[in-house]
Amino acid sequence: MSAPPASRSIEFRNATLGATIAVLRETEPARLADALHMMLGGMPDFFNGEAAVLDFAAMAEAPARIDWTGLASLLRRYRLQPVGVRNLPPELAATARQAGLAILDDAELRDRQAALAPAPQPRAEPVPPVHAAPAPAPVPAQPAIQANTLFVDRPLRSGQQVYARGGDLVLLAGMSNGAEVIADGSIHCYGPLRGRALAGAQGNIAARIVTTNFGPELVSIAGIYRTFEQGIPESVAGRAAHVRLSAAGTEQKLGIESLQLD
Amino acid sequence: MTRVVVVTSGKGGVGKTTTSAAFSSGLALRGFKTAVIDFDVGLRNLDLIMGCERRVVYDLINVINGEAKLTQALIKDKHCDNLFVLPASQTRDKDALTEEGVEKVLKELEHLGFDYVVCDSPAGIERGAVLALTFADEAIITTNPEVSSVRDSDRILGILQSKSRRAANGSDPIKEHLLVTRYSPKRVEDGEMLSYKDVQELLRVPLIGVIPESESVLQASNQGTPAIHLKGSDVSEAYTDVVARFLGETRDLRFVNYEKPGLIKRLFGGK
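In order, the protein sequence lines correspond to chains U and F. Oh and the first sequence: position 238 is 238 in this note's numbering, straight run, nothing missing. Here this note's numbering = 1-based position in the second sequence + 1000.
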């Protein structure tokens, strides 16, 4: 037997923690400062000390160098604490590490997914070094591999919460108001969907929510959510329906459509 | 084998103790040796409803702490020979209840040859309520036809699924029964109250009965007579049906439709 936990001076545990993703289209601190001031002018405490991951996927051009110190102090001014980066051009990775930021690209996952994909066209290398076109649509976060479907056989009750990590969630007996379900993939609900349903929790915009009886308090796909304060639209209330994102211009829009079952 | 049945609801004031008293009496009237335990430590009520408050000497906590034998604490019911009441303690709080203690009491009741043990749960989702349902084989979810009661019942159903011994062992889940109490067909008709169908649709638990709202329940409580003994009252009939359904018989649902009073009734009153 090893020493009891209380006598160890350090212990390691695994945890999944939430973080804010800051998608940068600009790395020059001065210009970012202007933009942040425009967005959050009166609220310097807006982020309340949250951890942030800087995402460089949407950069039009890879910057030659990044002023990490300036960037970090700018974000800290808004009480956002940068802890890591992702989708950073590889040649800048070393400077990010030097600045004390973790490289959070899940390279292993990405490689596995590339291997699994049927790949009719050759896949681009994991981190696109330079985008030729100016300001492309934000690259969605890499969805996790959808291998682990989680089945829930009994009704989910108020106060219960289920998270299908890295996969789809199938509810075979519906869920009640006050319950919450989260899936990295899609949510399939046979029976009433009440309560809160959040699909594509890691940013998978292709995720959907499908149910035979639509009546939730909140639905969300990839963080884009909708509540029903004014009641659920008559065309879908209590009926089979599905929720998905569709691109409307540069924005994603949450759509609820009824389904014809027979 | 002793079957442990918990009467629970989450919300207070919905009729758990009234139901525990009537249901355990009903089982005893059908010839089953039955014990009914009050888990509402600190706020004991069951002994009042059962009309045995003056005979309480020892209580559940005394038995758990080994200060009294179970046979000393069990009070024989005045209406039924094979019904026994185990009262709660008025002077302790719920921390005095322990899982091992409750398990020991239930084992001993089984040893004494009881067919059914009915656990009257306190309101809320704290210790007392959780311990009342921990060892249950079946559960009667007492629900009033209004949204907050339905929400709380739903919460308790979740706790039944997650915290009961059956859930921990991975054995067959607790058999759930929905009992709608304080039901007023007239108010349902007027759209002021959820119908029992709405409640069942929301909770998706098999319905074991509907108990009509009635003045005779209050009267019975004050007299210390379980409502099932009020011969000829609709509440008594409804509880008798519940017991029959619980024992596997088929009974049509009664007292759920509003009948407009006829002319004679309107002229001369009457109940």
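Any given hint could turn out to be false.
Partner residues aside, some chain F positions facing chain U, computed with beta carbon under 8 Å [said to hold, decoys possible]:
(1) Ser1148
(2) Arg1151
(3) Arg1155
(4) Gly1158
(5) Arg1204
(6) Leu1230
(7) Asp1234
Simulated from the structure, these hints should not be mistaken for lab results. For each residue, glycine too, the CB sits at the ideal point set by N, CA and C.
Hint-by-hint comparison with the structure:
Taking 8 Å as the C-beta cut-off, the interface hint given for F:Ser1148 is violated, the closest approach to chain U being about 11 Å. Against a cut-off of 8 Å between C-beta atoms, the interface hint on F:Arg1151 holds, since the closest Cβ of chain U lies about 6 Å away. For F:Arg1155, the shortest C-beta to C-beta distance to chain U is roughly 5 Å, which falls under 8 Å, so the interface hint holds. At about 3 Å, the closest approach between the beta carbon of F:Gly1158 and any beta carbon in chain U falls short of 8 Å, and the interface hint on this residue holds.
Interface restraint check: F:Arg1204 against chain U, minimum CB-CB distance 5 Å, threshold 8 Å, status holds. Checking F:Leu1230 against chain U by beta carbon gives a least distance of about 34 Å; that is not within 8 Å, so the hint is violated. With 8 Å as the threshold, the beta carbon of F:Asp1234 stays out of range of chain U, its nearest partner Cβ sitting at about 31 Å, so the hint is violated.
The structure is inconsistent with the numbered hints 1, 6, 7, although it conforms to all the rest.
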